[in-house]
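Trainee: Let the sequences and hints guide you as you build the complete structure.
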Amino acid sequence: MDKLIDLRQNPALQARIAQRRARRKFQARIAHGVLLTMLGIVILGLFGILAVLIVKGAPSLSLEVLTQPPKGGYYAGGKGGILNAIEGSLLLALGGTLIALLLGLPLALYLNAYADRSRVAGFVRLTMDVLWGVPSLIYGAFAFSLMLFVGLKASLLAGIVTLGLVELPILARGMDEVLRLSPRELVHGALAMGATRLELIPLLIRQALPGLITALLLAFGRGIGDAAAVLFTAGYTDRLPSGLLQPVASLPLAVFFQLNTPYAASQARAYAAALVLTGLVFGASLLGRLVARVTGRYVVR
Amino acid sequence: MSTLERPLIRHETGRVAPLTRAAQPGWRVFVSRQFASRVGGLGLGALTLLLTLLLPLLVIALAMRAYPLLQNTSLSNVFGMTWNPAQGAFGLMPFIIGSLAVTLLALIVAIPLSVGSAIYLVQYLRERQRSRIRPFIELLAGVPSVVYGAWGVLVIVPAVRGLALATGAEQTTGYSILSGALVLALMVTPFMIALMEEVMRAVPNGVSDAAICLGATRWEVVRDVLFRRARGGLIAATGLGFARAFGETLAVLMVIGNVAKVPASPFDPAYPLPALIANNFGEMMSVPLYDAALMSAALILLIVVLAFNLGSRMVVRQVAQHG
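Top to bottom, those sequences are chains A and B. Sequential numbering from 0 applies to the first sequence in numbering that gives the first Met the number 0. Sequential numbering from 0 applies to the second sequence in numbering that gives the first Met the number 0.
Hints are computed from structural coordinates only; laboratory data are not their basis. There's no promise every hint is true.
What the hints assert, rightly or not - Non-contacting residues of chain B with respect to chain A, defined by C-beta distances greater than 12 Å in every case (computed):
| # | residue |
| --- | --- |
| 1 | LEU74 |
| 2 | GLY87 |
| 3 | PRO111 |
| 4 | GLY151 |
| 5 | LEU162 |
| 6 | THR188 |
| 7 | ARG200 |
| 8 | VAL206 |
| 9 | ALA209 |
| 10 | PRO287 |
| 11 | ASP290 |
Said to hold, decoys possible - A few chain A residues that face chain B, going by a derived Cβ cut-off under 8 Å, partial list only:
| # | residue |
| --- | --- |
| 12 | ARG22 |
| 13 | LYS24 |
| 14 | ALA27 |
| 15 | HIS31 |
| 16 | VAL33 |
| 17 | GLY44 |
| 18 | LEU106 |
| 19 | LEU130 |
| 20 | ALA140 |
| 21 | ALA227 |
| 22 | PHE231 |
| 23 | PHE255 |
| 24 | ALA273 |
Since we're looking at a predicted model, the values are computed, not measured. The beta-carbon is built from N, C-alpha and C at its ideal position, and this holds for glycine as well.
Mentor: Quick look at the structure:
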C-alpha cells in the first residue's frame, strides 16, 4: 500500500500522466475540428449550389420564360420560354406518382397489415431496396425495349409509365417505413377487439397519414427531377403537351439541351430552368413537411 | 335507458369512426368480414409478389436484347479495347474503365465527407440540433442530377481546368474524370450520410456510455467503439454509394468530356457506361448490332449495381437489426 502511494506521488510519473492526458485532449479536439469541417463542407455545398443557381438563373427568369413555349430560333437566343417543359414535367411527374401510388401503397399496406415481420415481407423489402438502387437510366432502357415490343413511340404515356417504375420503389419503401413506425399496441388492440386484417388498413392509413404524404411528395420530387428515365421514353418537343400519345418536353432535359447550345442567352435560360426545377423539388419537400404537420393531429403517439 | 343499451351517439364516440364499412350492419349480409379480409389479403399479396417480379424482368429483358451481340461476335470483342461500331468493334472496356475510374475517385472524396458528417451528427450533436441540420442534408439529396451537372459545368469544370493548368498541363478543357468525380462526390454524400447515420445509431448506447465512463474522450469513443461496431455497416453504405455513383448518368455526362479512351490521369476525359448509353440511344438503330451493344452496356451496368446493392443491403439489414 505504501508503495502505491509512493508511485502516485512520483513526479516523473505524474508528468507522464499529465502529458498523456494533454495529448488525448489535443487529439480529441483535432478530431472534433476535422469532423465539423466535413459536415460544414457538405452543408456549404448545398448553399453553394443554391447560390450559383440563383445568381445565374434569376436574371433570366422572366414572366415570358415561365408562361410561353419556345418561339422560332429560341435555342439561338430567340423569344419564348420553357412553359412546354414546365407543363410536361408536371404531367409526367403527376402521372408517374399516381401509378407509383396505385401500386406502391397497396404493397406497403400488405406488408404491414398482413405480412408484417414474415419472411415474405423481408424478401419484398429487400427487392424494393434493390430496385430503389437501380439507376433510372436502366428503367429508361427497359421501358424503351417494352415500347419497341408494343409499338409505342416516345410519348407522355411512355414517360409516365417509366417514371412510375422509377418512383415505385421509392414510394413503396418510404410508405412502408412510416407504416412500420405505427405503435404495435394500436395494431394489437384492433386485432384484439376483433378487427380483421383488412380492417387494419384504414387504421394504419390514418395513423401514418403524415408520413405517407411525405413519402408521396418525396417520390414526386424524385420523379420530376429525373432526366435519364424520360430521355428516350418521353421525347422532347417545343410544343405544349397535347395528348397522351404525343411526345412531351421536361424540365431536366430543357436544362440539358439549352446548356448544350453555344449561345449565352440560351445557356442563361438553362440556369433559369434549373432554378424552376429545383424550386419545384424543394417546394414539394416543404409542402410535405407542412401537410405532415397539419395532418399529424390524428396520430396516436 | 342506460348508456350501455342504446347505440353511442357522435359526441360520446369522439373521433373514433367505424373501422370500415364492412363493420356496419347490412354489409355482412353479402360477405363475412373474415372472407373479405382473406380475399383482400390474397389480392394485395398477389399484387405485391407481382411487383417483386419487376427485378428479374429487368434483367431478362436487357439480357434478351443484348444476346444478339454475343451470338454474332465473341466475348473478347465485347470486352475488348476498341470501340468502332461502324467496323463491328464493340469493345466496352474503355467505358467500363472510365466508369470505374470516376466512381472510385468520387468515393475517395465522398467517404471522408460522409463518414465525418455522419459521426458528427450521431456523436457530437443532440437530437434537437440534429433535427435542425438533417433537412439541409435531405434537400441536398433531393437536388435533381441535372442541376448538379449544370453546377458542375459552371463551377467545377473551370476550377479543375485552373488546377490542371497550374500543375503543368499543356492544354485542357477541364471536362475530366476529376470534374465528374467531384460532382458525383457531392451527389452521393448526402445519400451515404443518411445510411451511415442509420448504421451508427444502431450501435447500442450502452456500449459508448461504458467507454465514456472509463474516461475515454469522444474521439476515442468514435475510434475504438463506434467504428469497430459499425464497420460492416459503414462498408455496406459505401457499397451503396458506389452503386449509386456507378449508375449516375446525366450529371457525369455533362462534365466528363465523353472521349472513348482509357484515361491516364484524373485530368483526362473519359466516357462512362451510362453516358455511352444516353448519348447514343437515338442513333442505335442505324448500325447493325449497335442496339445490342448498348443493351450489353446497360446489362453490365445493371449487374454491377445489383451485386453491390444486394450485398450491401443484406449487411445493412443485419446491422440495423442486431447492432
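Trainee: Quick check for students: does the CB of B/PRO287 sit more than 12 Å from each CB in chain A?
Mentor: The assertion about B/PRO287 holds, with a minimum of 16 Å to chain A.
Trainee: Any CB of chain B closer than 8 Å to the CB of A/PHE255?
Mentor: It holds, given that the least Cβ distance between A/PHE255 and chain B is near 6 Å, below 8 Å.
Trainee: If we take the beta carbon of B/ALA209, is the closest beta carbon in chain A still more than 12 Å away?
Mentor: Correct as stated: the minimum Cβ-Cβ distance to chain A is 18 Å, above 12 Å.
Trainee: Min Cβ distance, A/GLY44 to chain B: is it shorter than 8 Å?
Mentor: Holds, about 5 Å.
Trainee: Was the hint right that A/PHE231 lines chain B, CB cutoff 8 Å?
Mentor: Because about 5 Å separates A/PHE231 from the closest Cβ in chain B, which is inside the 8 Å limit, the hint holds.
Trainee: Beyond 12 Å on every Cβ pair: is that true for B/GLY151 relative to chain A?
Mentor: With a cut-off of 12 Å, B/GLY151 comes too close to chain A, as the shortest Cβ separation is near 10 Å.
Trainee: Holds or violated: the hint that A/HIS31 contacts chain B, with Cβ atoms closer than 8 Å.
Mentor: Holds - the Cβ of A/HIS31 comes within 8 Å of chain B, reaching about 7 Å at its closest.
Trainee: Checking a non-interface call: every C-beta of chain A should be farther than 12 Å from the C-beta of B/LEU162. Is that right?
Mentor: 17 Å, holds
Trainee: Decide, holds or violated, for the assertion that all CB atoms of chain A are farther than 12 Å from the CB of B/GLY87.
Mentor: The claim stands: B/GLY87 keeps its Cβ more than 12 Å from every Cβ of chain A (closest is about 22 Å).
Trainee: Are A/ARG22 and chain B close enough, Cβ to Cβ, to be under 8 Å, as the hint says?
Mentor: 10 Å, violated
Trainee: Mind checking the CB of A/ALA27 against every CB in chain B and telling me if the closest is under 8 Å?
Mentor: Holds: closest Cβ of chain B sits about 4 Å from A/ALA27, inside 8 Å.
Trainee: Beyond 12 Å from chain A, beta-carbon-wise, is B/VAL206?
Mentor: 18 Å, holds
This entry does not satisfy hints 3, 4, 6, 11, 12, going by the numbered hints stated previously.
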